[in-house]
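Residue strings, one per chain:
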Amino acid sequence: MVSLRGVTKVYDNGVMALGPIDLEVRRGEFVSLLGPSGCGKSTALRLIAGLSAPSSGFLEVERPKVTVRGGHPVGFVFQEPTLMPWTTVRENVRLPLKLADVPPHEANASIDQALAQMGLSEFAQAYPRELSGGMKMRVSLARALVTDPDILLMDEPFAALDEITRFRLNNDLLALWRGLRKTVIFVTHSVFESVYLSQRVLVMTSRPGRIAAEIAIETSEPRAEEFRTSTAYAAYCRRVSDALAPSYSGRSA
Amino acid sequence: MTADISKPPAVPSKPDGFGLRFVRILLPIAVFAAFLAAWEAVVRVNDIPAYVLPAPSAVLSTLIADWGILSQSLLVTLLTTLEGFVAAAVGGIALALLFNLSRWLEYSLFPYAVVLQVTPVIAIAPLLLIYLPQHTAVVVCAWIVAFFPVLSNTTLGLNSVDRNLAGLFQLYGASRLQTLRLLKLPSALPFILGGLRIAGGLSLIGAVVAEIAAGSAGAGSGLAYRIAESGYRLNIPRMFAALLLLSVAGIVIYGLLALTSHLVLRRWHESALRKED
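If you read the sequences in order, they're chains A and B.
Residues 63 to 315, numbered by the numbering used here, are exactly what the first sequence covers, in order.
Residues 27 to 303, numbered by the numbering used here, are exactly what the second sequence covers, in order.
It is possible that some hints are incorrect.
[As the list claims (entries may be wrong)] Selected chain A positions facing chain B (Cβ under 8 Å, derived; list incomplete):
{"hint": "1", "residue": "Ala111"}
{"hint": "2", "residue": "Gly112"}
{"hint": "3", "residue": "His134"}
{"hint": "4", "residue": "Val136"}
{"hint": "5", "residue": "Phe138"}
{"hint": "6", "residue": "Phe140"}
{"hint": "7", "residue": "Glu142"}
{"hint": "8", "residue": "Met146"}
{"hint": "9", "residue": "Pro147"}
{"hint": "10", "residue": "Leu161"}
{"hint": "11", "residue": "Thr281"}
[To be verified] To give an idea of the chain A side of the interface with chain B (calculated C-beta under 8 Å), a few residues:
{"hint": "12", "residue": "Leu113"}
{"hint": "13", "residue": "Ala115"}
{"hint": "14", "residue": "Ala162"}
{"hint": "15", "residue": "Tyr189"}
{"hint": "16", "residue": "Arg191"}
[What the hints assert, rightly or not] Have a look at the derived ranges for each label pair, beta carbon to beta carbon:
{"hint": "17", "chain 1": "A", "residue 1": "Gln175", "chain 2": "B", "residue 2": "Leu203", "range": "51 to 59 Å"}
{"hint": "18", "chain 1": "A", "residue 1": "Ala222", "chain 2": "B", "residue 2": "Leu270", "range": "53 to 61 Å"}
{"hint": "19", "chain 1": "A", "residue 1": "Ala115", "chain 2": "B", "residue 2": "Ile277", "range": "54 to 62 Å"}
{"hint": "20", "chain 1": "B", "residue 1": "Pro212", "chain 2": "A", "residue 2": "Asp163", "range": "12 to 20 Å"}
Treat the hints as calculated values from the structure; they're not laboratory data.
Positions of the beta carbon are idealized from the N, C-alpha and C atoms, including for glycine.
Take these sequences, add in the hints, and give me the full structure.
Below, the structure is given as structure tokens:
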């Protein structure tokens, strides 16, 4: 679905931000990119989204033929909700369809569905400033889902939320993924979040960002709150933390 | 016993919202009234003649007596101001959009916009009056003074688009026109309205400056011309009355633009939201 081989990214100022990295993500997989700030994980995500071009290497994102009008293969969720403050929740979610010139009456069904999926139906007419951080993030997710994308790219989407809200959104995201089986690439700096959500955690080191370890999280599905307190969960968190450790100790030297 | 502890500590009471607002309106009015009273007293006690310094009461009676001619002039000046303002708004926003679409155009023309802005309009006005019909020259003066804040504010607004939102538009393959219409213009709206608010007052100034320059050339009928004319005739009370009308006009223009800005932005922009305690 997504494959990167020997991909690097060098910024204009000569800083090597990423790579070379190799990465394969299969269709329907939930993969986390985990690493400290500045390890290039967001850069990797932007490359996959096509928001910037790699400096070298081979990058391929399989984009199946879109059959529905207004469909788009990629959905992107930023760390901030990144909503348009001047318009309502509904119009924010409509944006991707509007940019694809889908007539309003055709778009309405998809918008209603995306809003319902994120539990936002009652808030369709609200303005972003009237919503809490968690609700804004739901709007951002609904907007990413409205084009029925194959791949969902998420750049630390829940990092700014309080823990209770984050847990709820984690569970909702998992339920969504089980239902829709989208391919998800999830960037985070939280060990616990990456283990809880993903099937595979890719641990990255910084400067330049590389993939240092790959840990598969194998548990009985579906995961729910009990998983957070299980011994298996604790063991995985330990393993991931250990894999992450060199990238920190290397820096203090 | 510890009877005194049970009493709630004396908290200095903050003036409540209503009281505070009342004070904020009342204080300037009180200052103004005191100023007028002192002025009136000085004139009466010293028996100062009206052609040196008219008392406020004399200004007011002149305003009423000359209302016919003054209101005519007020209308002329307001119309000029409005024309200059509309030209500045349209010109400033259009120029900023062009600059945003083409770097080359911006680099070629922006310095001249600055030159127009920093050259005192009072020095340009007599020249314009030579080359242009008088009415046009006055409107052009108003435009020169007022367009720059609109241009620079709009430019700032168009450049302060949220980077991630811009990335999102890129991801979904938005056209330039879509990006401009759905992202850049709405993002710039608070800035544009701020620019227009400044431009309103400035176009009045531009109109007045040009009228005075034109008035000395012997033509015109706006309020500024009335001031100049009354000056020659030592009709000082009418000078004051015309000045009063000009400043009221300026206040009303500012108030209307501020109100418009508030009404447009109140649903979403920080500047228009009420403070929460």
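Hints versus structure:
no., hint, in the structure
1, Ala111, "6 Å, holds"
2, Gly112, "7 Å, holds"
3, His134, "6 Å, holds"
4, Val136, "7 Å, holds"
5, Phe138, "6 Å, holds"
6, Phe140, "5 Å, holds"
7, Glu142, "6 Å, holds"
8, Met146, "7 Å, holds"
9, Pro147, "5 Å, holds"
10, Leu161, "4 Å, holds"
11, Thr281, "33 Å, violated"
12, Leu113, "5 Å, holds"
13, Ala115, "12 Å, violated"
14, Ala162, "7 Å, holds"
15, Tyr189, "5 Å, holds"
16, Arg191, "6 Å, holds"
17, A:Gln175 x B:Leu203: 51 to 59 Å, "29 Å, violated"
18, A:Ala222 x B:Leu270: 53 to 61 Å, "55 Å, holds"
19, A:Ala115 x B:Ile277: 54 to 62 Å, "55 Å, holds"
20, B:Pro212 x A:Asp163: 12 to 20 Å, "19 Å, holds"
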